[in-house]
Amino acid sequence: MSNSDTVKGAEQTARVHKTTSSSRVLRTFTYVLTPFLILCILCSIGYLALYKPYNEFISNFNYVFSDVTPETKSLRTLNKYRDDDAPIQMHEIEVEVNGKTEQHTMVYPYYGDYYATLNCEAAGMKDIPVYSGQADDILMKGAGWYNASSYIGKPGNVVIAGHNHTDFYYLPNCKVGDTVTLETVYVKITYEITERVIFHETDYTYVEPTEDDRLTLYTCWNNGRLGMSEWRLCYICKPTNYEWKEVPEAE
Amino acid sequence: MKLFKRISAFTAAAVMAVSMAVVASATTYQDAVDAAKKAGVPEKNVSELEKFLEPNKDKFTSAQYDEMIAELNKIKDAYVVPHLSQVGAASTEALTADQKKAIGKLWSNTEKDAIANALIALGAKYNVTVTVKDLYTAAPSVTAAINGNTQTGSDKPVANTGAESPAAGAAAAAVATLAFAGTALAITAKKNRD
Chain P
911 MSNSDTVKGA EQTARVHKTT SSSRVLRTFT YVLTPFLILC ILCSIGYLAL YKPYNEFISN
971 FNYVFSDVTP ETKSLRTLNK YRDDDAPIQM HEIEVEVNGK TEQHTMVYPY YGDYYATLNC
1031 EAAGMKDIPV YSGQADDILM KGAGWYNASS YIGKPGNVVI AGHNHTDFYY LPNCKVGDTV
1091 TLETVYVKIT YEITERVIFH ETDYTYVEPT EDDRLTLYTC WNNGRLGMSE WRLCYICKPT
1151 NYEWKEVPEA E
Chain R
25 MKLFKRISAF TAAAVMAVSM AVVASATTYQ DAVDAAKKAG VPEKNVSELE KFLEPNKDKF
85 TSAQYDEMIA ELNKIKDAYV VPHLSQVGAA STEALTADQK KAIGKLWSNT EKDAIANALI
145 ALGAKYNVTV TVKDLYTAAP SVTAAINGNT QTGSDKPVAN TGAESPAAGA AAAAVATLAF
205 AGTALAITAK KNRD
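Sequences listed follow chains P and R, in order. When we follow this note's numbering, the leftmost residue of the first sequence carries the number 911, and every step to the right adds one. When we follow this note's numbering, the leftmost residue of the second sequence carries the number 25, and every step to the right adds one.
Worth flagging that the hints you see were computed from the coordinates, not collected in a lab. Be aware that a few hints might be false.
[Said to hold, decoys possible] Now the in silico label distances, taken between C-beta atoms and shown as ranges:
| # | chain 1 | residue 1 | chain 2 | residue 2 | range |
| --- | --- | --- | --- | --- | --- |
| 1 | P | Tyr-1080 | R | Ala-213 | 37 to 43 Å |
| 2 | P | Gly-1087 | R | Gln-54 | 32 to 38 Å |
| 3 | R | Thr-134 | P | Lys-1085 | 51 to 57 Å |
| 4 | R | Thr-153 | P | Leu-949 | 43 to 49 Å |
| 5 | P | Thr-916 | R | Ala-213 | 35 to 41 Å |
| 6 | P | Glu-1159 | R | Ala-148 | 44 to 50 Å |
| 7 | R | Ala-148 | P | Asn-1151 | 43 to 49 Å |
| 8 | P | Gln-1013 | R | Asn-133 | 44 to 50 Å |
| 9 | P | Glu-1159 | R | Ala-203 | 54 to 60 Å |
[As the list claims (entries may be wrong)] Far from chain R, by Cβ distances over 10 Å, these chain P residues were calculated:
| # | residue |
| --- | --- |
| 10 | His-1014 |
| 11 | Pro-1149 |
| 12 | Thr-1150 |
[As the list claims (entries may be wrong)] Keeping only pairs whose Cα atoms sit at most 27 Å apart, straight-line, the calculated DSS-like set for lysine-lysine is:
| # | chain 1 | residue 1 | chain 2 | residue 2 |
| --- | --- | --- | --- | --- |
| 13 | R | Lys-81 | P | Lys-1155 |
| 14 | R | Lys-180 | P | Lys-1064 |
| 15 | R | Lys-62 | P | Lys-1064 |
| 16 | P | Lys-1098 | R | Lys-81 |
| 17 | R | Lys-83 | P | Lys-1064 |
| 18 | P | Lys-990 | R | Lys-81 |
| 19 | R | Lys-98 | P | Lys-1051 |
| 20 | P | Lys-1155 | R | Lys-83 |
| 21 | R | Lys-180 | P | Lys-1148 |
| 22 | P | Lys-990 | R | Lys-157 |
| 23 | P | Lys-990 | R | Lys-149 |
| 24 | R | Lys-83 | P | Lys-990 |
Computed from a prediction, not measured in an experiment: that's the story for all the values here. All C-beta atoms in this analysis are idealised placements derived from N, C-alpha and C, irrespective of residue type, glycine included.
When you get a sec, could you build the whole thing from the sequences and use the hints?
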C-alpha cells in the first residue's frame, strides 16, 4: 500500500468517527430537546389564544369565587367598578357659551364607565373609546380619562391617555392644525391640535390643572418604535366648538 | 328721630343676621374643595376630591360639608402647620406644589398612617369607602366609592401606555418563545434530514 492510500484510509476513518460523533450530538439534541421545544410552542399558542378570553372572564371568575355572600353580591356585568343598577349621576351646570350663561345637563361617569368617543380622522383615529380612569385593565379596553383632570365639558385640562400599540397607535400621525372631536352623551367638543410635545414620565406638567381649557392626549413614545419607554408623546388641543346635547331625564 | 334710628339699626342688624345665617348654612362641595387646597393637600388629591364630590354633591348636607372642612382643618393644624417654617412657607394657603411635596416627605410613616386613617374614618361616616394606595410614596392615590360604586380611582399622574404594561410584556414573551422554539425545531428537522 502506498503512503497516499494510507493517508486516504486514515482520513476516511477520521470522517466516519467525526460523522458518528456529530450524529450522536444530533440524536441527543433531537430526543431531549424536541419535546421541550414542542411544549414551549404549545404553551405559547395556548397563552396567546386564551389571553383575551381570560381578561374578559376573570372578573366573573373572581365574583363567583369571592368570599362575599350571595345576598350582598350585586351584578357587575357592565363595569367591575360599580353595580349594573348604580344610579345615573346627572346634574345641571352653568356654562359660558359665546359670552352668555346657559344651563346644560352633565352626566358624570363612574370609574371604569365608557365615557366618550375620540376621533382624529386626519391621523386615522376613528371612534376610539374613552373610559373613565387609567387603571391597567381599563387601558386594555380603550383610552383612559385621567380621574384627576377636568370633566369633559368643564373648564380646565382634560387628559386622556392610550396605549401606543392599540388605541393610540395612530396618535403619532397627528399634526398641528388637525381637528379632534371628543363626544360624550351630553356634549360634543371640537378641538384643534396646537402643540406637539415629548415629555418624560416623571414630568407631570402636562397632566396638571391649567387655567385655560384644553385637551391633552398622550401615549408612550419610543422614537417611532413600539415597546417600553420612559417618554411620552403628547398633543395639546384647544377647543374650537361646543355642541351641548339634550339629555333625557334618568328614569 | 331717635326711635327711627333705633328701628333702622335693629332692622339692619336683623337683615345682617339672617343673611349671615343663610351664608353660614350654605356650605357646598366647593367650600370643602377650597378647604382642602388651603389645608395643603396636593393638587392631584384636591382634584380627585373635587371629581368625587361634584357628581355626589346632593348626597351631603351643609352640616356634613362643615364636618368635612373641620376634619381637614384638624389634619392641617396637626400635620401641615408644624412644618411650614421648614419649607419656608408663611401659611398653608401660600404653599406651592413643591412645598406641599416637601412637607409630605417630612412626615413619618406613622403620621401618614394617621392622616390616611382619619380620611378613611371620615368617609365611613357617610358610606364612602376611602382606600389609600402608595401611601409611603411621593404620590399617594386615593380611591373613593360611594355605596360600593367607585367614583374616583387611583390613577397614576402619567399612565403606563406602552408595552411595559405586564400583560403586553407577557404576550410579547410568548410570541418570542414561539418564534425561537419554532426556529429551533425547524433547524433540528433539517439537520436530521441531512
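Structure-based check of each hint:
1. Tyr-1080(P) / Ala-213(R): 37 to 43 Å: holds (41 Å)
2. Gly-1087(P) / Gln-54(R): 32 to 38 Å: holds (37 Å)
3. Thr-134(R) / Lys-1085(P): 51 to 57 Å: holds (52 Å)
4. Thr-153(R) / Leu-949(P): 43 to 49 Å: holds (45 Å)
5. Thr-916(P) / Ala-213(R): 35 to 41 Å: Cβ of Thr-916(P) to Cβ of Ala-213(R): about 39 Å, so the range 35 to 41 Å holds.
6. Glu-1159(P) / Ala-148(R): 44 to 50 Å: Cβ of Glu-1159(P) to Cβ of Ala-148(R): about 32 Å, so the range 44 to 50 Å is violated.
7. Ala-148(R) / Asn-1151(P): 43 to 49 Å: The hinted range 43 to 49 Å holds for Ala-148(R) and Asn-1151(P), with Cβ atoms some 44 Å apart.
8. Gln-1013(P) / Asn-133(R): 44 to 50 Å: holds (48 Å)
9. Glu-1159(P) / Ala-203(R): 54 to 60 Å: holds (56 Å)
10. His-1014: holds (15 Å)
11. Pro-1149: holds (19 Å)
12. Thr-1150: holds (25 Å)
13. Lys-81(R) / Lys-1155(P): Judged against 27 Å, a Cα distance of about 23 Å means the pair holds.
14. Lys-180(R) / Lys-1064(P): holds (21 Å)
15. Lys-62(R) / Lys-1064(P): holds (22 Å)
16. Lys-1098(P) / Lys-81(R): Roughly 25 Å between the alpha carbons, so the hint for Lys-1098(P) and Lys-81(R) holds.
17. Lys-83(R) / Lys-1064(P): Distance of about 21 Å is within 27 Å: holds.
18. Lys-990(P) / Lys-81(R): Judged against 27 Å, a Cα distance of about 24 Å means the pair holds.
19. Lys-98(R) / Lys-1051(P): Violated, at about 41 Å.
20. Lys-1155(P) / Lys-83(R): holds (26 Å)
21. Lys-180(R) / Lys-1148(P): Cα-Cα ~24 Å, so holds.
22. Lys-990(P) / Lys-157(R): holds (19 Å)
23. Lys-990(P) / Lys-149(R): holds (24 Å)
24. Lys-83(R) / Lys-990(P): holds (23 Å)
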